[in-house]
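Chains A and X, in that order, give the protein sequences.
Start counting the first sequence at 0; every next residue gets the next number (numbering that gives the first Met the number 0).
Start counting the second sequence at 0; every next residue gets the next number (numbering that gives the first Met the number 0).
The reader is advised that the hints may include incorrect statements.
[Claimed, not checked] FRET-style restraints, in silico, Cβ to Cβ:
{"hint": "1", "chain 1": "A", "residue 1": "Leu-296", "chain 2": "X", "residue 2": "Asp-325", "range": "37 to 47 Å"}
{"hint": "2", "chain 1": "A", "residue 1": "Asp-156", "chain 2": "X", "residue 2": "Asp-55", "range": "40 to 50 Å"}
{"hint": "3", "chain 1": "A", "residue 1": "Leu-320", "chain 2": "X", "residue 2": "Glu-66", "range": "40 to 50 Å"}
{"hint": "4", "chain 1": "A", "residue 1": "Leu-152", "chain 2": "X", "residue 2": "Pro-345", "range": "32 to 42 Å"}
{"hint": "5", "chain 1": "A", "residue 1": "Ala-25", "chain 2": "X", "residue 2": "Glu-66", "range": "51 to 61 Å"}
Rather than coming from a laboratory, the hints here were simulated on the basis of the structure.
Each residue gets a CB set at the ideal place from its N, CA and C atoms; glycine is no exception.
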Amino acid sequence: MRERDPIQLPVAGLLAVIAVAAWFGAGYFGQELLAEIAILAIFAMSLDLLVGVAGMVSLGHAGFLALGAYATAGATVFWGWPPAAALAFSVAVAGACALGVGLFAVRLGGVFFIMITLAIGQMFYAYFFKARAFGGDNGMSGTPRFDLSPLGLETGDPAVFSALMLVIAGAVYVALLLLVRSPFGMMLTAIHQNENRLASLGCPVRRYKLAAFGLGGAIAGLAGALMAQHTGFVSPDLAFWTLSGEALIIVILGGSGSLVGAAGGAAVFVMLRDHLSDGSFWEGLRLSGDIATHWQLVMGLFFIAVVLLARDGLYGRLSWLVDRVRSAWRGRGGGA
Amino acid sequence: MTRKTSTLAAALTVLAFSFPAYAADPIKIGVLLPSSGVFAGLGGDQTLALEMGFDDFGREVAGRPIELIPADTESKPNSGLAQFKKLVFKDEVDIVVGIISSAVAGAVRDAAHNAKVPLIISNAGNNPLTGEQCSPWILRTSFSNSQIVREMGPWMAAKGYNNVFLMAFDYAAGHQMMDAFREGFVAAGGNIAGEEFPPLGETKDFGPYLAKVKAAKPDAAFVFFAGGPAIKFVKEWAAFGLKGEVTLAGAGWLNSALYVKKQGMDAEGALGILNYVPSIDTPENAAFQENFRAAHGRDGSEFGVAAYDSARLIVEALKATGGATDDKAALVAAMREVHFEGPRGPFRIDPMTNNVVQNIYIFEVQPQGDSVAAIVQDVIPDVQDPPKGCTL
């Protein structure tokens with residue numbers, strides 16, 4: 000991890016400006032996408048806390064997302080809770096479960112940690128797949144959105160809902176950034192860099208990792224609750240390991256450990272998927288619209304290119320670029 | 000501005016507004032089928048048949064060309080929902096047709112209901128879609144799970160099968176199929192010899208379950224498997240020596256036209272119940288199969304027929320509205336009035352549930368040439384679902 004992170008806040012500011020501009024410019028569908036991006040960004044940032052900051056590569060993170068989504072769906076549909084209370088419940092359930100899972104998982108490192116998180120994520124999937132109360136593999140619909148009618152706002156309107164999601168994503172980002180820069184976050188970073196040394200210095204490494212794992216799970220639960228509100232629908236696919244994999248791709252694409260990179264990665268991911276799978280996009284490039292059928296291939300090629308050419312992700316490259324420009328500037332100044 | 004040009008401008012304005020807005024606009028139809036994921040094969044089959052349907056029934060109505068806009072659901076609920084929103088809000092399609100997976104249909108259901116855009120489901124069979132979750136905006140041209148198998152229980156009981164073993168994967172469709180069979184069969188005096196629900200996606204080998212069938216000594220087994228597992232099940236059934244000992248019966252996808260020839264003689268003697276088999280002896284079906292074979296070199300399947308009939312439903316409804324699509328309620332009303340003789344037999348939409356009313360065929364797999372084919376044994380005409388919790 001770099002000593003200083005001079006572009007974190009400027010990039011975050013730039014993303015915020017883009018988001019606001021997009022919100023004003025977007026139509027009905029664009030705002031739906033914006034809400035999706037904001038929620039995915041929250042999920043990706045929660046995984047970045049584990050992967051990029053604390054150095055725990057989890058392939059079961061979607062399990063906590065699904066848990067949050069199902070907790071919200073269950074609490075609102077079966078018990079008639081208001082969505083805001085259900086959201087708090089989702090965060091609590093996902094956080095508590097993550098702590099329980101973490102008790103075992105953080106004892107392991109490297110590939111064993113990946114395997115156990117993968118297995119546990121798949122257990123959530125298998126459970127929801129067979130849970131007939133939640134509709135089994137067909138999923139369950141009917142999750143309502145926040146009721147903001149006392150404020151005169153209708154959350155069924157994508158403009159209102161997407162704005163709300165962007166605000167929440169921004170708040171999660173600020174909270175996570177403060178956390179990462181706090182002494183607690185410094186310890187996590189140090190553990191990531193050299194776990195053995197920290198342990199020999201007397202640091203309770205596992206407790207720190209457990210806390211990070213629980214917190215990451217709780218935020219994933221928050222993303223899940225918002226996702227259930229956004230789509231009005233939950234299904235076992237939310238827990239499937241490929242979604243954990245997608246989140247991991249987003250974190251790596253954006254630049255692991257940079258938080259704002261994960262958020263930007265989520266935006267790039269959703270926009271790419273939307274454009275590449277749309278025949279009219281390819282026709283606009285004067286290519287055959289049939290390429291859209293093979294959009295996943297194009298996306299795969301893009302990810303390969305990113306991993307080969309920008310191993311530290313988009314944020315890492317940007318950071319490198321800024322560094323180069325600065326030192327060139329300073330070099331010239333020094334010579335004069 | 001001179002007087003002359005302003006008159007011209009006024010004339011043009013009048014012309015622009017008096018001209019029907021839809022005169023040359025294409026009629027946009029969103030095709031929501033998977034081209035990736037577990038159901039990509041079925042999505043491909045339906046895409047071919049849908050294209051063939053528009054070729055046969057018309058790609059233009061009242062001077063407006065029909066434009067198909069494909070969207071890949073990836074067989075995943077959330078992607079399906081995102082693509083549905085894209086079709087409706089970005090491409091502004093007039094009608095959406097497709098959906099293989101019931102989970103995708105469940106995810107799209109509320110969005111379609113709220114968007115007030117006609118959605119024609121061409122496969123997903125989950126019962127509640129035209130039951131307690133029915134919507135005036137959602138029509139189904141394929142089947143409901145219980146519509147397919149409901150009549151099989153009484154039929155088998157009447158044929159003297161008194162003791163039947165049930166088996167299906169442990170998922171929603173599997174349970175719906177078995178529940179519908181059990182209800183009719185037990186009411187007709189039949190006895191359930193046993194039932195097994197192997198886990199979906201984890202069952203590599205049916206051996207242990209077939210051993211239980213063997214031990215229970217039933218007259219017959221009624222099962223629901225489809226795709227790869229169906230081929231495997233039928234082959235293992237024969238390999239286990241159950242063929243000839245116990246009658247194998249199933250929801251007809253067990254011996255779907257897509258792969259019954261791969262099962263070959265192992266499938267011989269199996270009974271099935273389905274809304275379509277290629278051997279239906281009507282001129283409409285003969286024409287469909289002839290065209291399909293000529294274009295694709297194989298039999299058209301029940302999946303293809305549902306898509307083909309969907310294309311016809313769309314074209315005939317559009318003809319009834321004179322190509323007008325602005326009034327979506329009128330468009331749906333027109334669809335509910337459409338009825339025709341299709342490859343499956345008489346086709347119409349049930350005004351009570353928006354589910355299709357159709358013949359259900361009971362078939363036996365018999366040797367044909369050097370292979371096997373499903374031969375119709377009995378027809379149950381105009382099978383209609385009871386409106387379970389649906390008020391339209």
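To see whether the hints hold, each was checked on the structure:
1. Leu-296/A - Asp-325/X: 37 to 47 Å: holds, 38 Å
2. Asp-156/A - Asp-55/X: 40 to 50 Å: The hinted range 40 to 50 Å holds for Asp-156/A and Asp-55/X, with Cβ atoms some 42 Å apart.
3. Leu-320/A - Glu-66/X: 40 to 50 Å: holds, 44 Å
4. Leu-152/A - Pro-345/X: 32 to 42 Å: Check failed, 51 Å falls outside 32 to 42 Å.
5. Ala-25/A - Glu-66/X: 51 to 61 Å: Once the Cβ atoms are compared, 24 Å apart, the range 51 to 61 Å for Glu-66/X and Ala-25/A is violated.
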